[in-house]
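So you can see what is in the structure, the chains are spelled out below.
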Amino acid sequence: MDGGLKMRTIALAGNPNSGKTTVFNKLTGSSQRVGNWPGVTIDRKEGRIKGVEDTVLVDLPGIYSLSPYSPEEIVSRDYIVNEKPDLILNVVDASNLERNLYLTVQLLEMGTPVVMILNMMDLAAAKGISISAANLGRMLGCTVVETTASKGTGIDDVKKALATASKVEPIPQRFEPSVEDAIAKAEEGIRSDLRPELRRWAAIKVIERDEKASEYVREGFDAEPIIKALEDEYDDSSESIITDQRYNSICDTVSGCLNAPVDRNRETFSDKVDRYVTNKWLGLPIFVAVMYGVYYLAVQTIGTMGTDWVNDVFFGEWVLPAARDWLANAGVNEALSGFVVEGLIGGVGAVLGFLPQMLVMFLLLAILEEIGYMSRIAFVMDRIFRRFGLSGKSFIPVMVGMGCGVPGVMASRTIESDRDRRITAMTTTFIPCSAKLPIIALIAGALFGGSAAIALSSYLIGILCILMSGIILKKWKSFVGEPSPFIMELPPYHLPSVMNMVMSVLQRGWAFVKKAGTFILVACALVWVLSSFNWSLEMVDADASMLASIGNAIGFIFAPLGFGDWQFTVATVTGLLAKENVVGTLGVLFGFAEVSEAGEEFWTLLAGMITPLAGFSFLLFNLICAPCFAAIGAMHRELGTWKATAFGVGYQCLLAYAVSVIVYQFGLVALYGTVEPVGIIMAVIALAALVFLLIAKDPFGTIKSKVEAVTA
Amino acid sequence: MNGATLLVAAVVVLVLALACYGIYRTLSTKGGCASCGGACHRISDDSCHCKDRKG
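Read top to bottom, the protein sequences are chains R and D.
First residue of the first sequence? That's 0 in numbering that gives the first Met the number 0, and the numbers climb one at a time after it.
First residue of the second sequence? That's 0 in numbering that gives the first Met the number 0, and the numbers climb one at a time after it.
It is worth saying that the hints were derived from the structure and are not from the lab.
Since we're looking at a predicted model, the values are computed, not measured.
Treat the hints loosely; a few may be bogus.
Below 25 Å or equal to it, Euclidean Cα-Cα: the simulated SDA-like pairs (lysine to any residue) are [unchecked claim]:
#, chain 1, residue 1, chain 2, residue 2
1, R, 513, D, 9
2, R, 513, D, 10
3, R, 513, D, 19
4, R, 642, D, 25
5, R, 513, D, 23
6, R, 513, D, 0
7, R, 513, D, 20
8, R, 513, D, 2
9, R, 513, D, 16
10, R, 513, D, 13
11, R, 150, R, 28
12, R, 513, D, 25
13, R, 696, R, 632
14, R, 513, D, 11
15, R, 158, D, 10
16, R, 513, D, 22
17, R, 513, D, 24
Label-pair distances were calculated between CB atoms; the ranges are [as the list claims (entries may be wrong)]:
#, chain 1, residue 1, chain 2, residue 2, range
18, D, 8, R, 551, 25 to 33 Å
19, D, 20, R, 192, 25 to 33 Å
20, R, 534, D, 17, 57 to 65 Å
21, D, 20, R, 162, 38 to 46 Å
22, D, 17, R, 470, 40 to 48 Å
23, R, 686, D, 20, 25 to 33 Å
24, R, 292, D, 17, 47 to 55 Å
25, D, 17, R, 476, 25 to 33 Å
Backbone N, C-alpha and C define an ideal beta-carbon position, used for all residues, glycine too.
The shape of chain R in the complex, shown without the other chains (with noise of 0.2 Å):
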C-alpha cells in the first residue's frame, strides 16, 4: 500500500536467461546484476516501474515450468499462487519460441493476465525466425510486445501495454478430450476456497501428480482413479500425457504465428564457435589460456601500469608527502601524525594500489560474462567436475565466487541436491574472490617479477582444491551420493552491452572501495596502534610492540609452512575478518607511507623478509583458508547450523595448512637441497592423508556402517 492506494503488481517470469533481469533493469532504472549464464536471479526482486504509476515489478527466478523441481521454480510459483499479482510479464526468448513457451502455457493457465514480451527480437531475426506477434497474441489470449531489451528496443511498447493488458482474458489450452475430462473431474475435488481462476491450473496440477498438489485438494478426496484411468488410457504416466499434449498445441501455436518456415538445421555463429570452444579436448586448454590472458591483462601489463601509477605517483609523490608535510607544518603530535600517515593512509593505501588491477580484471570478466563465454566454461567444467564427484551445476557459485565469495555462496543454492548443495557452499571460497586478489597482486609483484602464471596458478589450485574436496567431501557419510544431473541451455554469444558492464565494474569496484574505507582502516587502525605501543603502552619499534609479542607466541603454527615471522602471521589473522586486510597489514608493518616510492620500495622490504618458495607458500594459505567472517556467514546461512559451518571452516583450515606445508618442505627439498625435520615429517604426514583420503574408497567407514545397518 502506498499513501492508501493499492499498489499494482506485475510479477516479471520467464525462462533461465531469457533477458528478464535486462527487462527489469530497463522497466524500474535500477542496476541488477545481469549475466548471460542462466541461474543468475535466485530469488525475487522489487522495483517501481518508471513512468508507470502506483505498479510495482517483481523480478522472479527463471525457470522453465511451474512444477517444483527447484527451489527457484519454487519461489516463484508460490508468489503466483499466494500473493495474487495483477498482472504477469512472461518474457520470452523469440530465438527459442517452442521452449519457452511451455512456461507461458502454465502461466496462462492459471487465470491472471499476461503480457508477453517477445524478446531478444535481434537474435531471432539472425536465426532467421520471423513471428506474427499479433497472430501469437489471439491464439494465447495475451497482449504480445516485440522487444530487443539489451538495446532498449520495445520497453516503451511494455509500458504502453501494462495500461490495457487487463482487458486480454487468457485462453487456456484446451488438451485432448480424454484429459479435458479427467481435469473437470479433478477440478470437482479442489478446495473451495481456492481462487476461481486457479482452478484448472490446480487440477492440472493433480493429474501431473505435483507432490505440492495435494495442497489444493479437499479432504476425502481421492484422485487416483481419475489419474489411473486415464494412464491406463494411454499407456503412459499421467505427467507424460500433460506435457505431450502441452507441447503437440504448442508447436501448433508455433507454426501458426512464424511467418516463414524455419530452417532447423541451419548452423549459427555461436554453433561454430561452439564446436571449438565447448570441445572435448580443445574446450580446457581453451579456457586455461583464456584466463591466462585475462590475468596477463589485469595483473601483468596494463592493469600494473595503473597500480604503478597509484603507488608510485598518487601515494607516493602526492598523498603521502603531502599528508607528511601538513601534519608536520602544522605541528600536530608525532604520534598522532604517524597514526594518520603510516596507520590510516599507508595501510589503507597498500590495498587501494591495487584496485586498477581489479578494475581491469573485473571488466575482462564481465566480458567474459556478456558474450556469454562463462557458460561455456560451466558446461566443460560439468564433464570435469562429474568425474570428481561434483555437478556441472557447482561451477556456477564458482563463477560467481570469484567476484565476491558471499554471493558466490549463496548461489549454491540452484543446486537441487542437498549434497551438492552444501558441498559447493563449503568449497566455493577456495577460487580467489576479488579481495585475495591484492594478496596474489603483491606476492606475484613482489616476489615473481609480477608474473601472471602466479595469479592463472592461483585460480587453477582453487579450482584443484574444490575438485579435490569432491572426492574427499563425498566419502563423508552426509555426503555420500552421486552428482546431481546438469542441465545448462547455451546462450547465444552475443556483443558485450556496454552499460552492463560498467554497472559491474562499477558495483564491484565500489563494493571493493566501501571495504577498504571501513573494515581496512579500522583494521589497519588497529594494527598500528598495537604494533607502534608496548604492553605498558610506551611508544616502541614494531619489533618490541604488542602485536609482535602476539604473533611471536603463534608464529610456530605457520613456522613449517615457512612464514612464521609475526608480520606474516599477524597478517594471515587479519585476514579472517577481510582478506584485504592481509596487505593492508603487511602495508602498516612494512612501512608502506615510510618509502618515498611506495610500491617498489614496499615490495622490496617484503622480498627481503620472505623467500619466493615462502611467499607462494603464504599466498597459498591465505587462498585457501577459512573464508572472511561475510562469507563465513553465509556458509552458516546455506548449511543450516553452526555445527556444520564449523566442520567446513576447520575442513578448510586443515586444507590449507596441509597444501601449504607440502609445497613448502618439498620445495625446499626440490630447490634449495634443505630438510627441517619437523616440518618434512608434517608434509609427509599431510601428502599420505590426502592421497588416503582421494584413494580409499571408504576412509570414514560410511560404506561399512551402511552395510551394517543394512544386515542389522
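With the hints as your guide, set chain D onto chain R.
The following block gives chain D in isolation, referenced to the frame of chain R:
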C-alpha cells in the same frame, strides 16, 4: 597540545566512527544479495531491491 593536533584527532575520531558504523551496518543485517554481485552484502539495502528476502 596545539589546536592542529586537536583538529586532526577530532577528524580521525570522526572517520573511525564512520568506519565503525559502516561495519556495524554490514554486520547487523542478515543475508546477502546475490543479484548485485555482492556489492551490498546485505538484504535491507534499498538500492538492492532485496528487502523481501528473509535471510
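Taking the beta carbons of residue 20 (chain D) and residue 192 (chain R), is their distance inside 25 to 33 Å? Taking Cβ atoms as reference, residue 20 (chain D) and residue 192 (chain R) lie about 48 Å apart, which means the hint is violated.
Regarding the pair residue 150 (chain R) and residue 28 (chain R), is the alpha-carbon distance no greater than 25 Å? With Cα atoms ~14 Å apart, residue 150 (chain R) and residue 28 (chain R) stay inside 25 Å; holds.
25 Å Cα cutoff - pair residue 513 (chain R), residue 19 (chain D): Holds - the C-alpha atoms of residue 19 (chain D) and residue 513 (chain R) are around 12 Å apart, at most 25 Å.
Is the hinted range of 25 to 33 Å satisfied by the C-beta distance from residue 686 (chain R) to residue 20 (chain D)? 47 Å, violated
Just to be careful, I want the Cα atoms of residue 158 (chain R) and residue 10 (chain D) compared with a cutoff of 25 Å; is the pair within it? 49 Å, violated
Given the hint that residue 513 (chain R) pairs with residue 2 (chain D), does the C-alpha gap stay at or below 25 Å? 31 Å, violated
Restraint status (C-alpha distance of residue 513 (chain R) to residue 0 (chain D) at most 25 Å): Measuring from Cα to Cα gives roughly 33 Å; hence the hint is violated.
Take the C-alpha atoms of residue 513 (chain R) and residue 25 (chain D), compute the straight-line distance between them, and say whether it is at most 25 Å. Status holds; Cα separation ~11 Å.
Is residue 513 (chain R) within 25 Å of residue 11 (chain D), Cα to Cα? Satisfied, since the Cα-Cα distance of roughly 17 Å is no more than 25 Å.
Hinted pair residue 513 (chain R) and residue 13 (chain D), Cα distance within 25 Å: Distance of about 16 Å is within 25 Å: holds.
Are the Cα atoms of residue 642 (chain R) and residue 25 (chain D) separated by 25 Å or less? 24 Å, holds
25 Å limit on alpha-carbon distance, applied to hinted pair residue 513 (chain R) and residue 9 (chain D): 22 Å, holds
In summary, the structure is inconsistent with hints 6, 8, 13, 15, 19, 20, 23, 24, 25 from the numbered list given earlier, while agreeing with the others.
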